[in-house]
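Colleague: Top to bottom, those sequences are chains A and B.
One rule links them: number in the numbering used here = place in the first sequence (from 1) + 6.
One rule links them: number in the numbering used here = place in the second sequence (from 1) + 54.
Since the hints were made in silico from the structure, they are not lab data.
Being a predicted model, the structure only gives us computed values, none of them experimental.
Honestly, I wouldn't trust all of these hints.
Said to hold, decoys possible - With a straight-line cut-off of 30 angstroms between C-alpha atoms, the simulated DSSO-like cross-links for lysine-lysine are:
| id | chain 1 | residue 1 | chain 2 | residue 2 |
| --- | --- | --- | --- | --- |
| 1 | A | Lys109 | B | Lys333 |
| 2 | A | Lys500 | B | Lys398 |
| 3 | A | Lys545 | B | Lys204 |
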Amino acid sequence: MKVSLSWLQEYVSLEGITPDELASTLTLRSQEIEAVYPLIEADKLLIGEVLSVKKNEKADKLSVCDVNTGKKTLQIVCGAPNVKKGQKVVVALPGAKLAGGLKIEKTTLRGVESNGMICSLTELGLDYKYHHEDGIHVLADTAPVGEDAIEYLAFNDTVVELDLTPNRSDLLSMHGVAYDVAAIYDRNLKLPTPEIITANQDNAFTIETQTDKCPSYYARILDNVTIAPSPRWLQARLIAAGIRPINNVVDITNYVMLETGQPLHAFDLDKLSANRVLVREAKQGETFITLDEDKRTLEEGDVLITDGEKPIALGGVMGGLDTEVGDATVSLLLESATFDPRQIRRTSSRLDLRSESSIRFERGVDPEKTPYALDRACAFLATYAKASIRNGVRYFDHHKTEKRIIPIALEKVNNVLGAQYTKEDIKSVFDRLNFSYEEKEGRFLVEAPSRRVDIETYQDLIEEIGRLKDFNELPDTLPSTVSIGSLSAYQRFKRDIRKTLSALGLSEAITYCLREKERINDLTRENESPVELSKPLSKAHHALVLSPLTGLFDVVAYNKARKQESVHVFEIGKRYRKNEEPERLGIAMHGPFHPRHWQKTPPTNFFTLKGVVEALQKGLRLPRLSYEKATLENYHPHQSAVVKAGDTTVGHIGKVHPEYAEGYDVEDVYLAELAIDKLFEMRQKAPTYRAVSKYPGISRDLALVVDEDLAAGELQKTVERTLEDKLKESRVFDVYTGKNIEEGKKSLAIRLVFEAREETLQSKEIDCEIDRVIKALKETHNARLR
Amino acid sequence: MDIQKRIEELEEALKKELENVKTMNDLQNVKSKFLGKKAEISGFMKHMKDLSNDEKPAFGKKVNEGKQRLSALIEEKREALRKAAIEEKLRQETIDVTLDAPDFTPGGVHILNRIVEEIEDIFVGMGYKIKEGPEIETDEMNFEKLNLPKDHPARDMQDSLYITEELLLRTHTSPVQVRTMLEYGGKKPVKIICPGKVYRRDDDDATHSHQFLQIEGLVVDKNTTMSDLKGTLNTIAKAMFGEEREIRLRPSYFPFTEPSVEVDVTCANCAGEGCNICKQTGYIEILGAGMVNDFVLKESGYDPKIYQGFAFGLGIERVAMLKYGIEDIRHFYTNDLRFNTQFK
Ligand SMILES: [Zn+2]
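With the rest of the complex left out, here is chain B (with noise of 0.2 angstroms):
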């Protein structure tokens, strides 16, 4: 017998009964069949005795070969099985990749609030801290220690929600600057802004709100002056709107500061040259400002012969209202979820 043909024949007819194997069951009857102990190259070997001492070498080497190939085409097959086989799996895992995925969606702070921490932590970065006091103040902090005794024209400015004689709402954050001195006891310098609701008697429309937010900022110390007040206000200004935004200040009245100012910024719309936003004017008002009056120093036990210092004060709507072109103040307070949601 001619071993090596035999053995390629067995080659052919596993290559070929390997083409119907479809699961690794059948791969292993097949490979029983060809490499069991029962399979006719499994019984060569006995033809070995037949053999001179020199052919058995030759003849060993060519069963052993043999068997290799046979179990290397088995091997070959297993993999493509399994290979198939973790193919299938992942096919039956397909999905629509553009379904939609669960709803993740953040909230949000409130707009109003974000604008407030925002200019929070560029005061914060400037070296001023936080200070919160009641909504809920008497008429002495509120107005008297300010300046505004009763029956001052400027009360008219800011028409107040009172309580009793002597308890209203406050109508600005600046009592809580008053506090912070009395706190002080007149000793150290102060830097500090004051956000907070305050509230005016007025009728709900798109530009009044009985309750809005303000923030106010305070700096007393020796040396403090009006040019730091210009510098601040414009580097807040360039924050808030942009770097390109200028401010001009304007001779106003508050009866808390001496002297007051308003301050403008140049009109983000029409970049100065006057557009229906600004009234033609190319600047919008943004806040009140000046240099705290001796008055209230004193009413605050701050000494004004050794301490001055500045305030400002803005309306927080005011400016969410210019920095989003929102038309309406009291968009704010409704708390449309299709409102709030906008500002990420």
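Okay, chain A solo, but in the shape it has when bound (with noise of 0.2 angstroms):
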């Protein structure tokens, strides 16, 4: 809402308060406050008479003018076309500041010299939207010459812009912003009383309904209209309120709709079909074009007014284009009514069309305004289209006249706030509203006014005395309530995941949820249909990832083509599905990893990823991870894996297949994905001692041949198995294949360390299991010592 002050200080009084001030007051009591601007920007303007107007001999675009502006004739030279002998003119002259800060000094124009301008409204700062006027602005054959131009104009005003809260629907008229700089600096308010005389002849007409989503309908008839423009203060008003003026009737229908926050429409009286209004729902696929000349598809439940026979407007959203009020209109029919605020909601955002009036019935109007309305709107159109006004006023009104009266104690009001106010304070705070109110039985009964529909309940009152009163002044105190703060045992989890990984030298990552469709299964391990929105946001945000491994590939890919070397990230994401939302973690990795150095970087593989998830299995007591070779669409068919702790699948590693990361310009680039919730649910809950053993452990190392397809975790598995818990642990420590190696057989290297907890191992005693070992292998691998 766009307040002008000059305005606003028709109902209350500003005296001794700047616009800034008034406008730091509202954002601490009322409303934020978008802006606070003069109407326009320019400055020291007059009202000059165009003497003669001389083409210039060099640029015949140019016009050069004797312009009387008082006190002086001044020659000015003038660009624009419409400039003509006996036209009164807004002149700026030297010193002058116009639209954009432009100063006025004199100058010499193609040699003509000019002591100033002769101005478009444009220059003056006013958009184009408001006036339509291409060339300079030409004033009215009476204005003053030698006048302050602005002032005639009444564009000496400064504009408070409030950015309002849905709530507040009754500071989207100048009544409301009125009554609440009233309240919130305890003034006088003054509001005008519509005084209308009406002529003897009699209002035969007819109003009927036949829904209930149209509870008021008040309307009178004036005779006679003489269309005009406004006069020159309305005008200003409506533009500093950013509608544009259009002629007497349209704008005073505008203006009481600014002032009281009451929509009005006026119909031009002779295009109705017969003397009568009908309010009825409109039918399914109906149609009616509107006052912007747009034909629109209307639903069942959308309001229609109609004559009866047509309809000529779109209850509380727009007239029609049919009956619109025009320079040959003489009889108007104007109408003032109230409307169902969701339905006006959803025939207007369907439609897509918000007019003032719907802005205004969908957030709720004041029904005792609408009458008021009426009348101040006739009042106007008899001073200024000199309308007659037709005997009585038609109307049906079906809404409740009951009083909304809400109690509330002060106790309530100090236990909710903190505070400790007295009954004074609360008293002086509904007064200083002109909420009316009753004591009774150690209560306040309070009042709601129909204008402020947002009242409904002791919160909202309690609301008001916090503002007026001003909730900084409440103390700083903290919540009584005692308890135990922590995180659950799986938040800490997962904050231990990043932890980890972010000190192995991995960085987190937060990727957008929202993805392309045809990419959701790309990089997952189990394919399924992804959640999808029903109105996508675009093709790249349309459906929901079941894999943070979406959005990681692609951030390899990002970097990679910013030339970043190593790309190492992570995020825990989740597999979002309509019922759950199992969380993932995600790692992608792609270039040198540690130790990154000139004397060796080892390469990074399938193998530095899985040492990474191998770091985190043994930083997190997670169960021990086993991988099994496996086939997944998009990854290399040769190295990737399904992880498993015991039976259950947990994730998958792998590197993604050459042929898709060079659809994204990037090679070598290794994910992996782990169900965290499953890991969590499995892991050792806490660490357990065990003694460490006063003997020393003995390691051999055996050389082994065997088929070249054979995986050495099922050697390692069959060798566990031999030694059960006598062995604490076995590594591969070398890999071969070649030279002095058959064909089709390779050689592996593997440590065994055995730690006796006992008594010293006697070397016999290891030679021993060693040879069961040897046995074992032979037996269930066909691996024999090299």
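Join the two chains, each given in its own frame, into one complex according to the hints.
Modeller: Put into structure tokens, the structure is as follows:
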């Protein structure tokens, strides 16, 4: 809501309050102020009269004018084609300021001296949308030469723009703003009372409704209307409020709407088929052409104002083109009605048709203002359009007239706010707000005024008290609730994952969860249909991801394209489903990893990533993980595995298929995904202690020749099964094929570490165990010692 | 023969030879020559028999002392050789200490999650628990139970991403509050914060993101007041933005709180004087808050005649942008490592 301060002054004195002070006070006590600005930027302009116009000999687009500015006659060069002798115009003399801070100086144009400028409205700082004028602005013949032009045009005004919250529909009117300002500053409020004189002509007119979505409808008929421009002050105020002046009838309906918050509509009476208004709901598919010349297709529920035969307005949203007021209009049907807020909202948002009227109706208007606004507009029309008002107002009004009484006790106010206000404090707030109340049995019974549709409960009253007393005056205390704060074990677990991976040198990423539908399953292990938006934001943000890997792969490609040599990233994301959102850890690795050095940097490959996964496993007490070679779509067919904990699959790991990667201009990308929710459930809950053995361990190395396609893990499983708890650890420390190893075979070197808990291990004993292992390996895997 | 003189001559000869000794091997040879069985000094004892009994002890002493002196010279040389050998070995181990170390740079937690963790820690310190919930929410949880019926004008404030008529991506983490209250069964006090991702129908630009992170807080008890809210927010603002920051409360509107306020913190850039960052107001908006609307308490199983509470919510991106002067919200989701790795 853009508030003209000169207008506001009519209802409440702003004496001693600067616009900036008003803005900061309203911000703290009422609504946030978006901006404070003068209606126009221009300054020091005069009214002049064009005495003569000659063409400049050197440039025929320029006219050389003699302009009487009251005290002096000055030569001014003007470029506008519409300048004519005898016009009253707006003149900027040297020293004046125009829009955009342009300073006027004496200049020479094509060798001709120019002592100022004849201005257009745009040059004054008025947006084109308010006037649609291309050339200089021509004033009325009666404009007084030498006087201040800005004052004459009533543009000497300041606008305070309120950023309204949707509950305060009352502030969509100047009256509402005046109520609030008067309450905040504790000043008197004086609102006008419309006085109309009706002609003796009878108003033979019927008004009916067939829907409860139009609870009230008031109308008057006016005759002998003279369509003309509105007075300057009225036009200026509309412009200040952001509305383009059209003609006196339209402008007055808009003016009264801004003043009271009650939208009005004027119909050209002669274009109605009958002296009748019938309000009904639209039929499915019914069409109607609105004022903006758009053919609207309606749905059941939309409210139509009709003349009994044809629709004349889309109720509460916009009038019809057929019954629009024009230059030839003589008689008016003036409507002041109320509509169901929810229906207006439905209609206007479906048709994407937001009007000043629909904005107010969908938030709720003051039903007591409906007849008031009608009379107020009639009074203006009588004055400024020379209209005569027919006798009698026609209406129906189904609004409940019961008072809305809200009880509230002082203790409740103080208990909610944590304040120590007195009864007098509370009374003073209600008085300033013009809320009536009575005290009964220790409570205030407050009557919520009809203009404040947002005041419904005691909490709303507490808000009024809080804001008028200033929330910032409340003490700073902390809740008395005693409780133990903590992260859950799972929340700590997730933090540990982040900490561990960060310490290892990986960076956390946060990627978008909404992605292209086609790519959702590219890098997941199990395909399924993703959850999709019913109205996608865009093609790129269409469906919910099933793995953080979708985003992480792109992070690799993005950074690679920006010449980042190493990209090692992770993200804790989700597998989004309609009824569950299990969390997934994604890891992506590409390029040299630790320790990058001039001496030697180990290559980054499948095993680097496997090492990172194992670091998590060891660092976070996860169950032992095993890896089973697997074929996964878009992954390297021979460098991918599912990750298992016991018999449960908990994730996958692998190299992205080179062909897929190439499609995104990357290569050598390694990805892993782990179901951290499952791993959390399976992990060892707390560390367990086991005394350190007093006896030294013994290790033995075995070099074995086995079939080339035998997985080392299988071999180790057999070793472990054979030695059981005597074995502390087995590790493959060399893999070799080539010279001295026959075709189809490979050599695996395994280190076995034995640990004795009871006594020093005897070499003989170990030899015996080794023999058992070799025998078992031969039987199970046909392995032989090299 | 003057034994004394001869021993001194031997000493001189040994010193001379030792000068040329370079290795332990050379030293061993010299030692054999001067102190071995066939060495001259070893032969001196044979002369003992030619001496009178009176002379014998003095002679013997001189020979032994002579042997000791020769031996000392050799040992001295041996020590010198050993030291030289060690020094040479160390010299060969010389390195260029300015050469680069292997790169063990740690990665880092994403700046947004770091801020979430920081805020969580402050609240955990004040006795709050952390609650999370689904991002795919029902219209009922996201809106209706929060006093936002269908067709409510405030639904415009958060234009939403729907999946079906009844399912949408949550527009705030408030439904977690409702879920928690329902879980607590209307019986015990609530003191929680709810961090998480939320979504709005916005086109991404420098200040808008269709996905962002939010933290909301909720305290419900028998005597929770608006002053408690103010004190809590003041504590948080100071902990997050610095001791010298002040907050201010402005009336606002949220359907789920009543009264509702928006909370500004004094601008760190200009200390409240007014600058471009704060649009000359001296304040920067950081969060929305208020007393929980009775409707919400009722819908969540709490009796508003007994319980009351406050709630607040803030956007993490906004906090990060203010704290670090980050100018474009999209940086957080681009994951350019040159950006992500700056926040250690
Ligand atoms: Zn500032």
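Colleague: Each of the hints needs a verdict: does it hold here or not?
Modeller: Checked hints:
{"no.": "1", "hint": "A:Lys109 / B:Lys333", "in the structure": "26 angstroms, holds"}
{"no.": "2", "hint": "A:Lys500 / B:Lys398", "in the structure": "18 angstroms, holds"}
{"no.": "3", "hint": "A:Lys545 / B:Lys204", "in the structure": "27 angstroms, holds"}
Violation of the numbered hints given earlier is absent; every hint is satisfied by the structure.
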